[in-house]
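Chemist: Listed below, chain by chain, are the residues.
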Amino acid sequence: MMSVLKFSFVLLVFLGLASQFPVSVVLAQASEAEAASALVTSEDSVISAYQALSNASEAGANVSSLLVRLNEAGWFLSRAQIAFKSGDFDSALEYAAQCQEKLNGFAADADALKENAIYEHYMDFLVNVAGSIVGAVSIVCVSLISWFFLKRKYARAGISA
Amino acid sequence: MTSLHEFRILFVAVTGILVLLVASPALSRLLVFPRTDYFTELWILDSNHKAENYPFNVARNQSYNVFLGIGNHLGYCSYYLIEVKFRNQTQSAPNSFNRTCSSLPALYNITVFVADEGTRELPFGFSFEYEYGEMFSGVKFSNLTLNGVNLDLSNYAIKWDSGKKVFLGNLFFELWIYNSTMSSFQYHERSVGLWFNMTTF
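Chains as they are written, first to last, in this note's numbering: chain Y, 235 to 395; chain R, 176 to 376.
The set of hints was computed from the structure by calculation and includes no laboratory data. Errors might be hidden in some of the hints.
What the hints assert, rightly or not - Here are the simulated DSSO-like pairs of lysine-lysine, each with C-alpha atoms no more than 30 Å apart in a straight line:
{"id": "1", "chain 1": "R", "residue 1": "K340", "chain 2": "R", "residue 2": "K315"}
{"id": "2", "chain 1": "Y", "residue 1": "K319", "chain 2": "R", "residue 2": "K339"}
{"id": "3", "chain 1": "R", "residue 1": "K340", "chain 2": "R", "residue 2": "K225"}
{"id": "4", "chain 1": "R", "residue 1": "K225", "chain 2": "R", "residue 2": "K339"}
{"id": "5", "chain 1": "R", "residue 1": "K334", "chain 2": "Y", "residue 2": "K319"}
As the list claims (entries may be wrong) - Simulated DEER-style distance windows between Cβ atoms:
{"id": "6", "chain 1": "Y", "residue 1": "D345", "chain 2": "R", "residue 2": "A332", "range": "48 to 58 Å"}
{"id": "7", "chain 1": "R", "residue 1": "E292", "chain 2": "Y", "residue 2": "D345", "range": "17 to 27 Å"}
{"id": "8", "chain 1": "R", "residue 1": "F311", "chain 2": "Y", "residue 2": "S265", "range": "37 to 47 Å"}
{"id": "9", "chain 1": "R", "residue 1": "N354", "chain 2": "Y", "residue 2": "A342", "range": "20 to 30 Å"}
{"id": "10", "chain 1": "Y", "residue 1": "G321", "chain 2": "R", "residue 2": "K315", "range": "43 to 53 Å"}
{"id": "11", "chain 1": "Y", "residue 1": "S298", "chain 2": "R", "residue 2": "D212", "range": "36 to 46 Å"}
{"id": "12", "chain 1": "Y", "residue 1": "G365", "chain 2": "R", "residue 2": "Y251", "range": "40 to 50 Å"}
{"id": "13", "chain 1": "R", "residue 1": "L206", "chain 2": "Y", "residue 2": "D324", "range": "55 to 65 Å"}
{"id": "14", "chain 1": "R", "residue 1": "G338", "chain 2": "Y", "residue 2": "D324", "range": "43 to 53 Å"}
{"id": "15", "chain 1": "Y", "residue 1": "D358", "chain 2": "R", "residue 2": "T211", "range": "18 to 28 Å"}
{"id": "16", "chain 1": "R", "residue 1": "P200", "chain 2": "Y", "residue 2": "V376", "range": "39 to 49 Å"}
{"id": "17", "chain 1": "Y", "residue 1": "D345", "chain 2": "R", "residue 2": "E227", "range": "37 to 47 Å"}
{"id": "18", "chain 1": "Y", "residue 1": "T275", "chain 2": "R", "residue 2": "T265", "range": "51 to 61 Å"}
Each residue gets a CB set at the ideal place from its N, CA and C atoms; glycine is no exception.
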């Protein structure tokens, strides 16, 4: 009777442990999957932000402030990747979230800078390139007209060239 | 009275100077010397931002600091990835002639964005934890702490170099660049590193 009780107790303990084990595995997997998903999202966000920044930079915008933000986001992404590699999924998730936070509204800011840069570039072209060419041509024209009148004045006065 | 011929020279000179002055903003944009060299610089400096006192004799659990610098002259804002690796004298190293990277796995990665004609210096603080083998036959590593992150080095070991009478280990940094067309990082054919002697107690 005693041995049956002992056996039942051991069996219960074993079943209890066995029932806990798959649950913990499932929980760990869920956390890993969550961290992996957050990491992929962060990587995509960083690449999208980099492309937005590149476009703004190509348009001639001053992207120094955006570059600081992107470098901070990149630092968080690196930390998230290292944490994920070492199996610290909670930290990976946290760093990935901080990376995302840094990039909130990044594309809109980059686009605004790009639009501003395009407008400034247009104005710069209008004033400095077109304006100065028109100015130079005007000076040549005014000089020619002045020369023409001066020559006529000299001709009337009877002074030869 | 001044002759018209003398006036003509003065007229042409004044007009020419005025035209050059007024057209200078446009000329400054047109007469730009074209860039022909597109490259990235990569350098390593000591803790005083100088190329002088690099750490060589590395003691156990002692912290050392270096700075890694990147200069971007590629003509566009670049997305770099720095892979930190560690090797002994016999393990795979980056090859500057074949332009290949080391086949060893990266211990630590950090992403950096550098504007065109911009530079960026990154601090790297590190310390090694290692033990000596029997009769000082080799060094067995347990971990590397890099910028506050503990990295597992349990598979790393160094044998005694009887010629130089040192235990040499090489910490090196490989530069990778993001290729937007291929949507992936590619080895940028640049690496810098430091050799350490693990014989200091």
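Chemist: Now, for every hint given, state plainly whether the structure supports it.
Modeler: Results for each hint:
1. R:K340 to R:K315: holds, 17 Å
2. Y:K319 to R:K339: violated, 36 Å
3. R:K340 to R:K225: Holds, at roughly 28 Å.
4. R:K225 to R:K339: holds, 26 Å
5. R:K334 to Y:K319: holds, 28 Å
6. Y:D345 to R:A332: 48 to 58 Å: holds, 53 Å
7. R:E292 to Y:D345: 17 to 27 Å: holds, 23 Å
8. R:F311 to Y:S265: 37 to 47 Å: For F311 of chain R and S265 of chain Y the Cβ distance comes to about 44 Å; the hint holds.
9. R:N354 to Y:A342: 20 to 30 Å: holds, 26 Å
10. Y:G321 to R:K315: 43 to 53 Å: Because 23 Å falls outside the window, the suggested range is violated.
11. Y:S298 to R:D212: 36 to 46 Å: For D212 of chain R against S298 of chain Y, whose Cβ atoms are near 24 Å apart, the range 36 to 46 Å is violated.
12. Y:G365 to R:Y251: 40 to 50 Å: violated, 29 Å
13. R:L206 to Y:D324: 55 to 65 Å: Given range 55 to 65 Å: holds, Cβ gap about 59 Å.
14. R:G338 to Y:D324: 43 to 53 Å: Holds: the Cβ-Cβ distance is about 48 Å, inside 43 to 53 Å.
15. Y:D358 to R:T211: 18 to 28 Å: holds, 25 Å
16. R:P200 to Y:V376: 39 to 49 Å: Violated, at about 19 Å.
17. Y:D345 to R:E227: 37 to 47 Å: Roughly 46 Å apart at Cβ, these two residues keep to the hinted range, so it holds.
18. Y:T275 to R:T265: 51 to 61 Å: violated, 41 Å
The structure fails to meet hints 2, 10, 11, 12, 16 and 18 from the earlier list, while all remaining hints are met.
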